[in-house]
Structure formats: structure tokens, C-alpha cells
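Novice: For reference, the chains in residue letters:
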Amino acid sequence: MRWAVLAALAIGLLLLALYPLVATGYGIRFMLQLFMWVALAQSWNLISGLTGYVSFGHVAFFGTGAYAGAILVTTHGWHWGPASLAGGVAAVILALIIGYPCLRLKGPYFAIAMLGLNEVMRVLVSYFEGLTGGGSGLSLPTLHASGQIYYAMGAAALAVTGAAHLLITSRVGLRFMTIREDEIAAEAMGINTERYKLYAFLLSAFVPGVVGGFFARDQGYIEPISVFPLLTTITMIVMVLFGGKGTIWGPVLGAVTLFVFQELVWARFLYLHQIFFGAIIVFVVLLMPRGILGVLQERYRLPRTI
Amino acid sequence: MGVTITPTMVGQVVISGLLAGALYSMVALGLALIYGVMRVINIAHGTLLMLGAYTTFWWFRLLGINPYLSLLVALPLMFFVGMLLQRTLVARVVDAPELSSLLLTFGISIALVNVAQLTFTSDVRSVEFLTGAFLVGPFALSKSRLVAFAVAVAITAIAFWFLQKTKLGKAIRATSQSSEVAMVCGINVHRIHLYAFGIASALASAGGSLVAVMVAIQPEMGQVYTFKSFLVIVLGGAGNYPGALLGGMLLGLVEQLASLFLTTQLSEAVAYVLLVLVLLLRPTGLLGGRAT
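Residue numbers (our numbering), protein chains in the order written: chain C, 134 to 439; chain G, 33 to 324.
Check each hint, because a few of them may be wrong.
Taking beta-carbon pairs under 10 Å as the criterion, some of the chain G residues facing chain C (in silico) [unchecked claim]:
#, residue
1, L131
2, L136
3, A143
4, F259
5, Q297
Quick look at which bits of chain G chain C covers, simulated, 3 or more residues with Cβ under 8 Å [claimed, not checked]:
#, stretch
6, 146-159
7, 169-182
8, 299-307
9, 311-317
Since the hints were derived computationally from the structure, they do not count as laboratory data.
Cβ atoms here follow ideal geometry from the backbone N, Cα and C, with glycine treated the same way.
Given the sequences, and given the hints that come with them, work out the whole structure.
Specialist: Structure follows, in C-alpha cells:
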């Protein structure tokens, strides 16, 4: 059984790796965005799904990474690969500044601090015009690299899914999940909750920063409203809740299902689409707290760590 | 910066700060009330404020009557909307982990904001009423802000009188001190939750009606008020109702003071810096609350 699953995964990855050889330009861009959403949803899952601390502003890390990457590419002539990694580091630094004061406390402080963060980042980016181009945005030099960005996004999605697997099946992940279940009990067991919450948060900020750098390179032009939209955070949250929070494959399942749906059906009805997202959140929280994967687990006796 | 600051400017800042602060206090009292009795942070609080603002806008647009009179409609209306939300949705997550109530109210907020986008469109609206300012000595007092201040102070005073003197108010305070003990004393805690959510929604909507006359109205206007209301209750100490009053005034003053030194763009970020500093230095609030 285990070997069958691994073989299926290997074949799936091989097919995805060969896909650009036969794909159209649209196909590559579609898959590239799908990978991006898997990576983003999976990252949100690391902090909110595992430790139970809700981040309402994860797009701030995406936007920070996008700007850091784009600035390094345009003004310092970096290659977009290392520039995007630097974007991830910038996102982690931001996470440290916010996470240290807010995660020392229990309760909703962290959630609200994240709710405001996105707005503040947008204001700051618009204000420091010399560095960021302000409201008129930042253009990157023309480069046709969709094929390379396809692999880069795919690697990011794979890496963060792999990290989720390693965490969920390890002692560190158990500590995260103990914090989610009962923080006081976690402390009583000798877990340094402050420190582990911060670890989870820093981990969850890195990949959105990197992916933000890839996104900036792929788009070729970024502005404050294009890389700090509240909708991106909402989408991450909905994908994870729908698929199953705190699981390895739930965010992947949620991202794939909702992204395909979004591209095929909803792109033309923005507000209805968002009402639908709001309704999914309410529905999942009240009636299906473990998402689709939770329902499947109960029905088909799937393994606990999936 | 090279700006010389005169005593008149400081006086103006203090006046503007207190005028804005009273409004913050009133709106935040609603959030504090819900948090106090249920330990739920209502992410949709600002969304309810937005609905109040639209009620006033449509009242003024369609009927052409004094927008402040719309309070008489908006307050009871939003009181019932709040009770309905509590009854149908929020009541189910009161005892669940915090994650559930945060996500639930976030979902409610997204749905309501986008229903507003669909029905009212995303056009920026305004209520053209009571523009201009009174000149008192060297100070300019904006008329709409002065009225907003007076109304907010009156509503907040009524709310406090209600909490202090009436039987229901005492039951609400008892519930927020200890839900279990209140229940043992024969208080129907679920009913208290219902009333608290209704009152909180009415307070948010009153804020909306008052800001409708001062600022631009659009469906996404609410989020910043959710954030600021939370900051106010952090400043005052979570679960501490008089603390919310102090916190609101303080936020108003700090914001105005910051606008002396910073550009308007950056002063929007001041509230945020304040939140991070308070959490870093004095997480139980200035008056001391029950934060853990």
C-alpha cells in the first residue's frame, strides 16, 4: 500500500515535470498559478492549521517577498532566483518583528495584529516611493521565463508540502498541534509554547515570500494593490479550511479544487465568488470542521496523518 | 521636519483627538461587550458599522431627511440583525476553540461586505450634510464631528447607565465576570449573549451612522474600524468596559498628534505601531484587564 502510494506520487511528479514539453502557454500559466496556490495554502496551514493561531494577513508576506525580489532584480540586477529567496528572508524578518510581541500572548491578539498588517504594508510600500515606485508600481525588465518559473513554483509547492509532511509526522509537529489542542496543557508538559508558535510562524512566512518573488518575476509588473490584496489571504484560508486544516494533503486538495473551480466558473462573478467564499468558511466552521479530508477519513478509514 | 509647533496647534490636536476618540470609544465598547460575555472577537464588527453607514446614506438619499434621525431606525434594526447573527451562527461557536469564532465571524464579514458590493456597488458614497466648522477663538470645530461627539457621548452614557443600573445590565456584567457563576445565580447566559450581541451591533451601527456624515462610505470601510476597536480594548485592558472609554480617547489623541508630525499617509500606520508597542510593553492594557 505504502509503495503503491509512493509510486503514484513519483509518477505524478514525473508527469508534472514533463508537462511543459507538451503544454501550451496557457497550460503552463494555469499550472504555475495552481502551484502558487498550493504553496500559499500549505504555508497558511503551517501556522493556522497546526498551531491554531489564525493569520488574517498572510498576503503581507507574499507582498513583502514580491517587493523585495522585484527591487533586487530591478535596481541591483540580481537573478530572479536568488532575489526570490531573499524575498523569503525579508518575509521571515517581517514575521519575526510581528510574531515576537503578538505570539507571546494567548488569545486573539495575533489574529488582529495580522488583520492590520496587510494594510500597513500597503501604506508603507506606497509611501517609500524612491524604493518601491509608490502607487505607480515597479516594472521588471522583460524576460520570458514562464517555463523556469513553472518549475520554481512547483518546487516551492513540493517543498512546503514536504515540510508539512515532515512536521506532522515528527515531534516538533506534535508540539505545534498540542498548542492548538490545549495551550496550557502544552505548557504543563514542558513545551516552550512561545518559542514553538514563533517557529511555526517563521516557517509559514518563508515560502509566501519566495513565491511572491516568483510572482513578481512572472507578472513583470507589481503595484501595492496587486501584491497585497485581502482576497489572496481569504483564498488561502478558504482552500485550507475546505480541504482540511492541519493535514498534509488537505491544503493541496482544497487548492486544486477551488482554483480549478475559480478559473472555470467564478472569474466572471467576483463579488458572488467572494460571497461564496464567506459562505464556505461559515459552513466548514459550523458543520465540517475537518474539511473534505476529514469527511473522507471518517468514511474510508484513511490513515491519521494524511 | 522643520515644522514649528505652536500651542494653538497642540490645542487643536487635543480637541480633534477627543472628538474622534469619543466615537472610537463607543464603537469599541460594542466589541468589548461581546468579548467580555463570550470571549469572542467579532471580526465582523466593522462590517456592522459599514451597514449602519449605508442605512444612513440610503435614508438621506431616498427620504432627504436629516441623516442623524436615521439613528432611530438604524439602531433598532441593527440590534435585531445582531441578535439574528448571534442566534443563528455565533451561538454555535461560543464554547468552541477561539479559532472557530475568529474564522466564523471572518466568514460572515466577507459574505456581508460582498453582498454590500453587489447591492450597493463599490461606488464611494457620501452624505453631504452639516459641512463647515464653528470657529471658537483660534480653534476650528468641524460641525459634523462636534455632533458625532455629542451623540457618541450620549449613547455611551446611556450604555453605561444601562450596564450599571438596570437588572439586565448587571446580568451582562455578571456574565462577563464569570459565565459559570452567573449561570448558577439563575442568569440565562444564552439570553445575555443574545442581548450583548444586539447591543454591540447597535453601537457599531451608531458609529457607522455618525461617520457616514464625515467620511467616504464604501463596502470595505469597516475593516479598519474592527482593527481600531480591538486596539482600543487592548489599550484599555480586554474585558474592562471603562478601559474602552479611556482607550478610545487615547487612540484619538495619538492619531491626531501623529498627524502633526507625519504625512496623512503614514499616520494611518500609527494605530498599528501603537498596537505592537502595547502588546510588547503592557499586554494587560493600561488599566489592567484579564489578558493572559
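Novice: When the hints from earlier in the document are held up against this structure, which numbers fail?
Specialist: 7
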